[in-house]
Amino acid sequence: MKRRSERSSRAIRVVSGALIVLASALAAGCGVGGDEGGSGARAINWYVFNEPGGAFDKAVADCNKEAGGKYKINYVKLPTDANQQRELIVRRLAAEDDSIDLVGMDVIWTAELAEAGWILPWEGERRQVAEEGKLEGPLKTVEYNGKIWAIPFTSNTQLLWYRKDRVDPPPDDFTWDEMIDQASESGKAIEVQAAQYEGLTVWINSLIAGAGGQIVDQNGEVKVDASAERAAEIEKKLATSAAAPPGMSTNREDQARLGFESDRSDYQLNYTFIYPSAEAIKGFQDKIGWARYPRTDKGEESRPPLGGINIGVSAYAKAPDLAFDAAECLASDEHQAIAAELGGLPPTTEAVYEDEKVQKAFPFSDLLRESIDAAAPRPVTPAYSDISLAIQKSFHPPEGIDPNGLEDTLRDRIDKAGQGEIF
Amino acid sequence: MEQHTNKERLLWTIGILVVLLYALIPVMWIASLSFKTPAEVGDGKFFSGFSTDNYEVIFNDDTFLAALINSIGIASIATLISIVLAAMAAYALSRLDFAGKAVILSGALAVAMFPPISIVGSLFDMWRAIGLYDTWPGLIIPYMTFTLPLAIYTLSAFFREIPWELEQAAQVDGATPFQAFRKVIVPLAAPGVFTAAILVFIFAWNDFIFANTLTSTDAARTVPAALAFFTGASQFEQPIGAISAAAVVVTVPIIIMVLIFQRRIVAGLTAGAVKG
Amino acid sequence: MSTAEATGTRTAAPPKGKVSDRKKAERKLAWMLCAPAVIVMLLVTGYPIAYAFYLSLQKFDLRFPDDKEFVGLANYGDVLSSSTWWSDVITTLIITVASVALELVLGMAIALVMHRAIFGRGPVRAAILIPYGIVTVVAAFAWKFAFDPTSGFVFGLPLISDTWQPLNTKGGSLLVIILAEVWKTTPFMALLLLAGLALVPDELHEAAKVDGASTIQRFFRITLPLMRPAILVALLFRTLDAFRIFDTPFIIQPGGALGTETVSILGYNILINRVNLGLGSAVSILIFICVILIATLFVKGLGTSTAQQRGEV
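Going down the list, the sequences are from chains A, B and C.
The numbering used here puts the first residue of the first sequence at 1, with every later residue one more than the last.
The numbering used here puts the first residue of the second sequence at 1, with every later residue one more than the last.
The numbering used here puts the first residue of the third sequence at 1, with every later residue one more than the last.
Don't take each hint at face value.
[What the hints assert, rightly or not] Pairs of lysine-lysine residues, derived as DSSO-like cross-links and limited to a Cα-Cα distance of at most 30 Å, are as follows: (1) C:Lys-170 - B:Lys-45; (2) B:Lys-101 - C:Lys-23; (3) A:Lys-188 - A:Lys-298; (4) C:Lys-209 - B:Lys-7; (5) A:Lys-282 - B:Lys-183; (6) C:Lys-28 - B:Lys-183; (7) A:Lys-188 - B:Lys-45.
[To be verified] Just some of the chain A residues that point at chain B, by a computed CB distance under 10 Å: (8) Lys-77; (9) Arg-91; (10) Ser-99.
Please keep in mind that the hints were generated in silico from the structure rather than gathered at the bench.
Note that the coordinates shown come from a computational prediction; the quantities given were computed from them, not determined experimentally.
Every residue, glycine too, gets a C-beta built ideally from N, C-alpha and C.
Pulled out of the complex, with its shape left as it was, chain A reads as follows (with noise of 0.2 Å):
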């Protein structure tokens, strides 16, 4: 008797003990969260990628100040990887969070978000503030369904980079062939990305567009053709050539940088972070020429990468109207130029490429705005992230690839891959 009620008494003794530590754990739980409020401004969360130059701080505090007191922008970072930015937007925008209020989109996220219901229109004024004196590029990538889903802000495209003291300027309508033949019997790389990520579906797109060709149509109509196989035969040739980079399929932005810089390669496809960052080895950013995207055909002008941020307003968001406020001073032109300054960011405005910041950051600025114009937009459908998947595996690994009978596996993993099915 003594036995069983020493045993319940200690054994409530410890249940109680147990309840109050949860309790605790959850009420901790509860407290601990980021407190996402300013002193009476209202609050307006920006999840953007972490911008290591300083721009987006500066567009924060300059839009802060300007609001005053109206709102407050809190920066909050997102991961630096693209594929895990979109995955923890999609998770929060799913689950109706409404602590995000602008999202710094990714150009290939627009018609997922805007099908979804997850972003706000931008209409009547609010949608020519979007537009107005935007390139060509840019501005496809805001479009779906007819409706204008975000403001754009921040471009970034490829050039071809090469060194100036090794080769001669690349003729006008260089071809990736004439390319790979030149680097073949120099023997040195000419560095690309093509490991098993967006940055491949980045490099087949352009391919394919160069050739005229589509992946999925504005109606979502899969239209692969034969300009897939002439996108393989091009991959597969740099693959088992001479020119092939080292570690080739795991390469990527930053993979390729550091081999050219390590002397290796002639060549080089890559966005304008690798200029800013030549600087740091002494006399190697005099040795850098650059020149257009190179063409698929011959007779068909080159249509290079497409990248970027805009700037899309959650449907979530507790005040939107503040919010589209704060994205179009976020995404104003003088904000643009900054970015450029700071952070290597090409901007989305034509006219803010006359600026003289931009001009100083970029010496090519003049190839930079016209590659934006004419670049090629990746597919834009709300399963875009299912077709680059699918994509990636069609497309990798390079030297393994068969380009004859590409175009019907790639069109029946892009058929699956639409349709919600495995692949």
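Model the placement of chains B and C on the given structure of chain A, informed by the hints.
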């Protein structure tokens, strides 16, 4: 007593060195990466530089500091609750006789075998509906669950070894039930509880998949998930240095803990194995 | 009465009424003590798995919330008839079998060192616990950076050729993943085996030595057979763990690139990346079924071996 020849000593020394190298080379590699500057990162050598730049960077990073706090807090609370619940269950399983012991034990085993990926999807949905998404309890609860089987098994094994009659003997000698419990049982049970706590803490500290999917801001993100947020000089550059520094920071406490408590950890794992 | 209480719970033959009263109270207390743990485990694993099963019967993509509809076993049909699922299962099995086999051998070696070392047991024990305690993701990064084409140290080592780039090939990547996984979990295996080693009575070894048996003969004829239950338990735990592998391949080859996609990564890609909850849940349930199958196979094997042991002894 055997006499050990010099040859034997030599062989054993070599054997032990091999084991030590095996255990330590990857750790030393990541430590050496953490001390390199971006220029030295590409040289492929061990300990070619000793700059603390990377450490400065991460300790100035709010995201990382918040992640450290989250990791420590969440792992500690999960450990505490898990041990309490497991102790109660282990006490019952090792000392009391009742039908259903086998069911509970095999149930616990089943939970231990669960593929986490099978439930992250549901948990994400559930947490989002109840509002536990991106909160401490949102992570504490799955951590508790997956550590319960390990804790229950370890604690049962230890509790079975305790001579409970000593408690009765103490009371016969005049101690109150509480005194008997405190002075006799607690010291005997403490090592087992301690060991189980360490094993559970290591599990919670280590987790990646739940931390990655069930959080999305600094509010609850733990260090393994936060490693994804480091940047290099531009958005495309690989932050090898920063990741390595963060990796060292998150590993050092565990190494210290392991070194101090190695006996207990070994005892806990072997006891669990033998009786389990 | 007092004797019965003093010797604890397993008593013999007090009067019937008293026994059932006591037993009932004991049972009640036992269930009260176990309840919190059981409830937590049921809620956090039982309910989500049931919910996952429910989700798997739907066509449900978070990006098209209006298209949700019940489709029965269609998702399962889709997964089971796709070559992607089966090649991922094979990849996962390759990793599982290779890493568990390596761990067994290495773990046994380390266990023997710890058991028999004439000095230095402390440092060895401490050293091998370090891989156990390190965050898995950190270990994966360490291995990834070690084999990184531009910054890794492996390529400076004497026997390794400069042109071998494991992380650029499927075989090489699988090798690095297996090495990283083995490095991390061998200590756990070693400790389980050490416990088994401790059970082998020294007298048997002495007797065999007297009879003239060599070390190797003693190992294979005495040690291993007597360790069989411990080995099987260790194998069971490690195989289940290895099949569920996620962290290491996620870091070393993100997205399951170069054909290193394991079933867990496939599930992650569909569930979290494509937010296709219906299809992803079907994959998750299938993974769970695979794990149960493996466990059942082992437990059957373990059961027969334990019975045999009991029969022999």
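What are the numbers of the hints the structure violates, in ascending order?
-> Violated: hint 5 alone.
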